[in-house]
Each structure stands twice: as structure tokens, then as C-alpha cells.
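For any residue, its number in the working numbering is found by taking its place in the sequence shown, counting from 1, and adding 16.
Just so you know, not all the hints are guaranteed correct.
Computed list of lysine-lysine pairs in DSS-like fashion (alpha-carbon distance at most 30 Å, straight line) [to be verified]:
1) K207 <-> K115
2) K674 <-> K686
3) K207 <-> K475
4) K550 <-> K566
5) K230 <-> K597
6) K305 <-> K418
7) K106 <-> K39
8) K475 <-> K463
9) K482 <-> K494
10) K228 <-> K106
Now the in silico label distances, taken between C-beta atoms and shown as ranges [unchecked claim]:
11) R80 <-> D371: 49 to 55 Å
12) E829 <-> R778: 18 to 24 Å
13) E660 <-> E31: 32 to 38 Å
14) K841 <-> R758: 22 to 28 Å
15) A594 <-> R80: 49 to 55 Å
16) K775 <-> E829: 20 to 26 Å
17) R799 <-> R778: 27 to 33 Å
18) Q448 <-> I520: 32 to 38 Å
19) L525 <-> V452: 29 to 35 Å
These aren't lab readings, by the way, just hints derived from the structure by calculation. Glycine included, each C-beta is placed from N, C-alpha and C at the ideal position.
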Amino acid sequence: MGTFARPENALKRAEELINVEQKQEALETLHSFITSRRHRAWTRTHERIMFKYVELCVDMRRGRHAKDGLIQYRGICQQVNITSLEEVIKHFMQLSTEKAEVARNQAAEALEEALNVDDLEADKRPEDLMLSYVSGEKGKDRSDRELVTPWFKFLWETYRTVLEVLRNNSRLEALYAMTAHRAFQFCKQYKRTTEFRRLCEIIRNHLANLNKYKDQRDRPDLSAPESLQLYLDTRFEQLKVATELELWQEAFRSIEDIHGLMCMVKKTPKPSLMLFSLQKSFNKKLNQKDLQLIASSVVLAALSVPPYDSSYGASHVELENEKERSSRVANLIAFDVEPKPENREVLSRSSLLLDLVAKGVMNCVTQEVKDLYHILENGSLPLDLALKVQPLLTKISKVGGKLSSASSVPEVQLSQYVPSLEKLAALRLLQQVSLVYQSMNIDNVSKIIPFFDFPTVEKISADAVKNNFLAMKVDYRKGAVFFGKKSLESEGLRDHLSTFVESISKARLMIYPPAKRDSKLGGTLTDLVDVVEKEHKRLLARKSIIEKRKEEQERQLLEMEREEEAKRQKLQKITQEAEQKRLANEFEQMKHQRLLKEIEDREREEAQALLKEAEKHSKKKGKRPILEGEKLTKEALVELARSEQLREKQEMEKRLLKLGKNMDYLERAKREESTPLIEAAFQRRLVEEEALHELEQKREIDVSRQRHAGDLEEKRRFGRMLENKNIFQERVLNRRRAEHHRRREEREESLKQIIQSRKQERETKRKWIFFLRSEEERQKRLREEEEARKLEEMERRKKEEAERKAKLDEIAEKQRQRERELDEKERQRKEEILGRSLAASLPPASRATEQPPAPAAAAAAAAPAAGKYVPRFKRVAGDGGGQVPPPAQTDKMSGGGSKADDRWRASGPPRSSWSSTRDRR
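Assemble the whole structure, with the sequences as input and the hints as a guide.
Written out as C-alpha cells, the structure is:
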């Protein structure tokens, strides 16, 4: 594959190959151009080539090609346009991530099995190859695995490639940190522990190479605050992901990385990344609420540590190793623990809690955390401990959120400590119960520990017994828990002689009490024993006083040391700030001088380049060369170069115009020659299509004839069942017609009753309205008469007005009561009608036993009630097709028979004719 002289030609050739689905050749074309010497000057076309190149690498999963291309492109863009390299890398990572997401969505069910590989960088295993050759069919799970795993391997290779390209580059520190964070999230999301360890080692090696090759060009400056912050953010994210993946060894190494980075630059990081003491000391924006939340988190984290030492029963070598690890952790986090020769503990739960109390952390926590600390550490009644702790844990679990005065700190949720605190409360309760009771029923133990069920309590207590924190046994046959001493039987054998002597002495005193011995020696010995006991008590009191004085003196010395340390740190801080200001001023001055020098050098180089270019053009065109002795300014050279460029542009336009004309003539000649050939091909195509059309037409006619013959045979076969079909259809229609008539009669009957009840309601309402209006008119006349009377009758008028209102309220209340009764009757009537409708919808067999015969029911439904008028539109046709004559008299409530007759007669044609028409249909 040859190389192209111009990038446009390489890009055009690659696009042509992609259009014809030859991606391999397109990738090789772009790769040969990128790695050639012609790919040295950056242009926008080179950027387009890189975008197309990384797209091909992602489509074909060619990580090695992508790495080579990005390294070459980095050398081009390093000094010219570093933003272009950043955009290309972001596009590369976005494409890889999208491909992996698509593969994950397609195989969502088998995703866990597809990612069940130990190492994404390992090649295909021999057993996988044997399985692919032996099994003849591919199952869905293996297909999903073959789809998902390669894309996730490529995504992991993408992260490694980008980190390798961006390492130790001061202009791409932010992109390097972003890529590292995304790689950490990838390992966290898919539980990739092997890749996480490898990623931590890669980042660690990059930092080591940065310190090893200090004279490297574009090397990041760790003394800059921005660079240091990015590197520390990356390490803290590494520590966070390591703890979430439960890789404690890698988390410890991450802490060492953070400590080494801090020691390397000798600067204190932002307090938002460190502990409570740094937040309190350096974060001036920290408010009281956030301080309480951080302090509460620190205290609860210390309380969540198990209250027993897990090194019980360990060997001397294991204890020494544990001591060394604790010392390293204490040095890394600057934990101040007083080293005592007799104390093996360097970093323990008790020392940590004492240090928190000494530093005043307990004064900043919330009241719930403080009460919980006193209950769990200072003791309480065993049966009341759970009742006191449970409401405090409920309140603590609701506390948390984002810190407003420390934006870079993640959310602090105190609910994460609740399970550990519940376990601690259960251990403290069992410990105190073991001191009070010898045995307890299992049900009672479950009641006093509401946090867990008894099997969970048993697991917790088994771990505590293993580490010599408790001594208890569970007997399920007796249903009880037995508490005892923590010492084992073998440990008690060491003091068996002293125990035997004490028992013999007690027996001797019981046999020979001091009161029965009358000898002088016995009295002297008794007095001597009293004197010795008093002297012993006095010595003990003196010893306790001396110890208290020593402790007070040590406390005062410790306070003095802390004050001196605070003064020293304050003075050191002031000195460091002054030094930083001085260094910043010097750096700004040096930067300003360097910029001026660079500007002068750049102008000098541009002038020399323009001078050489002008001499070259003058020699090429046969003009007089510019003599070295001539004095030309930069402006003159720029003007000369501009005029030369304008002239070359005009010549180029002339050549392009001439070339365009030649191409027009050539294209016209080609079309004139190809026109008869195209016409001949078109005529041949017409003949072929006509023959094809006739063939298809004949084939369609044959198929239609066959289909028509089959349809006739099918019609003849179904014609034998036509008579049975008509009989069945007539039977169904008759049954549905009878059902329709019955339901229509029932509906008309219900409507008639509803209309009658509404008429009665309207009449009653009209009478009440007339009565109320008459009453109002009367009262109005009374008020007009009362206005003419004297002022002494005003009191009487007020009383009458009050009586009138009470009477009206009583009348209104009676009216509402009547309306409610009418509504209740109407509801009962509708329920009865609904019940009859449901009974009518039953099958004929069940309906025959419950209802009268159809003719009798129809006659009963059709017969109107005596003395009531049946409207014309409600009259229905009888069995014989006639009409029921209207009654002779009308309802008295309607206000007259003739008007009512006219009103009902105007409602349209009779329903019987409509029913007959529908029956005929």
C-alpha cells in the first residue's frame, strides 16, 4: 500500500474503501499515511484523518493500531494544537464505551457470565478453543459471551492506551485524571479486581517515571497547586474504589501513595480530602452544621471498630507483624499515640477513642452521637440498653447529606454505620448480661436484642467468644444460654497451688476462729494483722495520689507541648505563606521575561524564514536576489511575502480555470461517445423486460385459474351446510328478539316509575316554594308596618325575627329530611330493578324455575296499573302485533287530561311499528 503525498488524497481513498465495505484496506491506508514522514505538519485534514482512523480502529477492535496512531498524532499536536489531540482521544473513548454499552444491552441476561473471566488482557484459554471446536452448535450464553467479552477487553485496552499516551504530559493532566477516574469506575462497576490492581500499578509507575526523568520536556510540575490537586484526586478515587471492592492490600498501598506524594511535594493538600482535624484547621468556610456532621462521622467510624482484639492467641511473629503494620498506618495518617514499652498497642480502638476525646472531637458531635457514645462505652443497665440505643440509631440513620461548605467532599451518610453499631450494641449487651446472669432463656435473649434474630446473635457471639471477649454457651435442648468465666480450664491450672493455699487458710480460720484463742501471741498477731492492713491501705492511697499527680503533670506537659506545637505550626504556616508569595512573584517575573524572550525569538525566526523564502522565490523566477547586505525590516519582508503569495494565488487560479475548461471538453466528448451505447443497452433492456412481463402474466393466469377452481370446490362443500346454518341463525335471532322485548318492557316500567316519583317530588317542591314565597311576602309586609312604629318596639321585632329564622330552619331541615327519604326510596327501587335485570340475564334453564311463563310475564308487564296513565311512547306491541289502548283517565297530578294527551301524542310514531319493522329485518 503506497503512501499519499497529500492528506486529502489519503482521506478520500479511505472513504472510498469504507463505502465498498473494505475497512481493512482503509485502515491500512490511513495507518501508512499517519506513520509516514509526510504526516508531520498539523492541519484540519490531519484531524479529520485521525477521527476516521480511530473510528475504524474501534469498529475492527485494533487497539495496537490506535495506540500507534495516537502516539504519532501526539508528536504533531504537542506544540501546535494540543486541543485537537484531546478531542480525538475523547472521541476514541466515547466510541469504545458506546460499543461496550451496546454489547452489554444486547446480552443483558448473560452479562455476568460473559464477564466471568479472570483477566481481560489474557488470550483465549485452551479449554475455550476446545469447546468451540468440539461443540457443533453455539448456545445463546456462549454467543453472548463471545459478543460481550471482546468489547469489554477492547474498552479496557482503550483506557490503558489513553493513559500511556497521556502520561507525564503537563498539558493533558486534566484528561489523564479524567481517564483514570473512568477506568476506576469501570473496575468498580463490573467488579474487575485484577484490572484494578494492574491499573493502580500503571499509575504508580507513571509517577515513578515522572520523578526519575526530571529533565523531560513538558513534564508536569507537582509543585503547582493544580497539578498536585489532580494527582491527589486520582489517588483518593483509587483509595475509594479499593475499599468498595474490598481490596484492603491495594487500599493500604493507595494510602502509601498519597503519603508519598505529600512527602514528595512537601505541601498540605486541600482539607476536603483529609480528616476532621485538617477540615477544622484549614477550611475557613466550614460551618457548624458541616463540622457536626464530619465529627459525628469520625466518632461513629471509631465506634464501629470491633471492641475486641482479633490477635488473641496469635504467635509472637504474627503479633510483631501486626505491630509493624499498625505503626505504618499510624505514621501514614499522622496518628499521635504515646509509645509505651509495656503497651503493645500502637493503633487500637481504645487509643483512637482516647485521642478523639483529647482533641475535642466529642465536643463537636450531635447530641444523639454523644449519648450513644456514653451508653456504649460507659455502660448501662443490660435490659434497658437496647431500648436506649434503638431510638438513637433511628435518628442517626436519618442524618446525612452533601456538605455545603466543602463541595469536593462526597456525601456523608451516617446510616452506613448503623449495622456496625447494632452489632456493637449486641456485644455490649451480652457482655453486661454475662456479668449479671449465669443463664438466660433464648427467647429472653431475642427480646432484649431487637436488632437481630437469634441465629445472627449466635454468629456474633461465636466470633466474640473466639477472640476472648465473651464466655457463653448455647444449649438448644434446654433452650437457654449459659454464661461463664472467660478463662479456660488450662489457664486455671497455673494458679492451682495458690488457690489451694487460700482454701486451706479459710478452713483453718473456720476451725480456729480468732475469738477462741486467748494467748498473748494470738492477740498480738491479731493487732499486727490490723496494723498491716491499715498500712497497706495507707500505701495504696498514697500510691493513688502519686499516680494522680503524675497523670496531672503529664497532662499539663502534654497541653504545653500541644500549645508549643500549635505556635510552631502557626509560625511555620506564616513562613510558608511568605515563601510561597516570594516564589510566586519570582515565578511571575521569570514567566514575563521568558514570554518577552520567546516573542523576540519568534519574530527573529519569522524574519529569517521570510528572508529565505524571498531569496528562494527570487532565484526561481530569475529575479535579482536579495543581497545580504541590504537592510530589510520585518514589515518589508512581510509585505514582500504577501505580494508574492497574491501573485502565486492569481497564477494558480488561471491554471485551475484552464484545467476546468479541459475537463469540460473531455467530459462532453465522453458523453457524446457513450450516448449511442446507452441507447442500445436501453433497447435491449426493453426487449428483455417485455419477454419477462409476458412470462409472468401467463404464470399469474395459471395460478388464478387453479385458485378459482379450488374456491368453487370449497363453495360446493360449504353449500351442504347452508340449511342447517339458516335454522341455527333463525333460532338465535328468535331467542335474542324475545330477550330484547322483555328487557325493553322492564326498562319502560322502571322509567314510568321514575317519572312518577319525580312528578311527585316536583309538586311537593313547588308547594314548598309557594309557601316560602308567601311567608316571605307576609314578613315583608310586617317589616314595612314595623318601620312606622316607635323605637321601643325594636326589641320585640328582633325577637320575632329570630323566631321566624328558627321556624324557617326547621322547615328547611324537614324538607332536607324528606328529600333524603325520597333519595333512599329511589336507591332501593333502582336496586330492585337491577336485581330483576340480573335475574333476567341468567340462562334459560335456571330462569325457568324462578320466573313465570313468558306469556304471563309479558301480559303482566304490558298491563298498566289501575288508575294510571301510560304514555303513548311507552306502549309496546303485544304478541298479536296490536296496540294497547290508552286508559280513559289521566293522572291527577299532571294538571289535566287533554294537555297531557297532547304532550304524549306529539312524541312521534308508535313504538309497535318500529318493533314490527325490526322483527321483519
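Hints and how they fare:
With a C-alpha separation of about 19 Å, the suggested pair K207 and K115 falls inside the 30 Å cut-off, and the hint holds. A distance of roughly 19 Å separates the Cα atoms of K674 and K686; the hinted pair therefore holds under the 30 Å criterion. As the CA atoms of K207 and K475 are separated by approximately 28 Å, the hinted pair is consistent with the 30 Å bound. A C-alpha spacing of about 24 Å is found between K550 and K566, which places the hinted pair at or below 30 Å, so the restraint holds.
As the CA atoms of K230 and K597 are separated by approximately 25 Å, the hinted pair is consistent with the 30 Å bound. The hinted pair formed by K305 and K418 meets the criterion: a straight-line CA distance of about 11 Å does not exceed 30 Å. Between K106 and K39 the CA atoms are separated by roughly 22 Å; this keeps the pair inside 30 Å, and the hint holds. Annotation: proposed proximity of K475 to K463 holds, straight-line Cα distance about 17 Å (limit 30 Å).
Distance check on the hinted pair: K482 and K494 sit about 23 Å apart at the alpha-carbon level, within 30 Å; holds. Our distance criterion of 30 Å between C-alpha atoms is met by K228 and K106, whose separation comes to about 29 Å. Between R80 and D371, the C-beta spacing of about 53 Å keeps the proposed range 49 to 55 Å intact. A C-beta distance of roughly 21 Å is found between E829 and R778, which places it inside the suggested range of 18 to 24 Å.
At roughly 35 Å, the beta-carbon separation of E660 and E31 lies within the given 32 to 38 Å, and the hint holds. Restraint check, K841 to R758: a C-beta distance of roughly 25 Å satisfies the suggested window 22 to 28 Å. For the hinted restraint 49 to 55 Å between A594 and R80, the CB-CB distance of approximately 53 Å keeps it satisfied. Taking the beta carbon of each, K775 and E829 are about 24 Å apart, inside 20 to 26 Å as hinted.
With their beta carbons about 31 Å apart, R799 and R778 fall inside the hinted range of 27 to 33 Å. With their beta carbons about 35 Å apart, Q448 and I520 fall inside the hinted range of 32 to 38 Å. Distance hint check for L525 and V452: the Cβ-Cβ separation is about 30 Å, which falls inside the suggested range of 29 to 35 Å.
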